[in-house]
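Undergrad: For the sequence shown, this note's numbering assigns the number 5 to the initial residue and increments by one for each residue that follows.
Worth flagging that the hints you see were computed from the coordinates, not collected in a lab.
A few of these clues could be false.
[Claimed, not checked] What follows is a list of derived Cβ distance ranges for each label pair:
(1) E118 x D35: 19 to 25 Å
(2) H57 x E167: 28 to 34 Å
(3) G148 x W173: 23 to 29 Å
(4) D160 x D59: 42 to 48 Å
(5) E32 x G154: 47 to 53 Å
(6) E167 x T72: 56 to 62 Å
(7) R80 x W179: 27 to 33 Å
(8) P161 x E91: 21 to 27 Å
(9) D160 x E82: 16 to 22 Å
(10) P40 x D170: 49 to 55 Å
(11) V155 x E118: 52 to 58 Å
On a predicted model such as this, the values are computed, not experimentally measured, just so you know.
Just so you know, even glycine gets a beta-carbon here, dropped at the ideal spot from N, CA and C.
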Amino acid sequence: MTNRSIDPRSVLVFDIHEFGHRAGGSKEIVDDVPAPEGIGNDVIGVPTESPIHLDLRLEGVGDGVLATGVAEVQLRGECARCLTEIEADAEIDLQELFLFPGTDPDDTEASRVEAEMIDLEPVLRDAAMLDLPFIPLCREDCAGLCPTCGVNLNDDPDHGHGEAIDPRWAELAGWAEGTQD
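With the hints as extra help, turn the sequences into a complete structure.
TA: Here's what the structure looks like:
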């Protein structure tokens, strides 16, 4: 995971200067922060500015700082079958090792400590994308929409348009009804 320049004003940036460059220190973070913009995809995601409850532990390890914990978020989106709005709570597991500057310079994908700070926003974004449902549903047995007229079949399970007749055989259907006396 590549770091962009860290903004120390971000609510998901944490100061880790007390760890120095040594193992053994730890810090608990329990906080509610507003969600940054763009966590999720076009179908379902975390609304901007909605509360995120963080329960994190930062630990100094040999080459960096290990961040582990959970982010409790609210999800909002729409059902992929019936297009109704979905609102749900989710727990996103977080775990990332932030390497100190100068350690393993060949690992360009690693998260890095910058200016004695770590940024959990990219970690939260990536973890949320992995935890979000690929096809969000309002309920497991969602019936979807009628392909003919668009009625929500969850609201009207007995909805129907009769048996569809292939237009190539429509003339014969009338003939068959007239011969059954």
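Undergrad: Against this structure, judge whether each hint is valid.
TA: Here is how each hint holds up against the structure:
no., hint, result
1, E118 x D35: 19 to 25 Å, "21 Å, holds"
2, H57 x E167: 28 to 34 Å, "53 Å, violated"
3, G148 x W173: 23 to 29 Å, "28 Å, holds"
4, D160 x D59: 42 to 48 Å, "43 Å, holds"
5, E32 x G154: 47 to 53 Å, "51 Å, holds"
6, E167 x T72: 56 to 62 Å, "58 Å, holds"
7, R80 x W179: 27 to 33 Å, "55 Å, violated"
8, P161 x E91: 21 to 27 Å, "23 Å, holds"
9, D160 x E82: 16 to 22 Å, "19 Å, holds"
10, P40 x D170: 49 to 55 Å, "54 Å, holds"
11, V155 x E118: 52 to 58 Å, "54 Å, holds"
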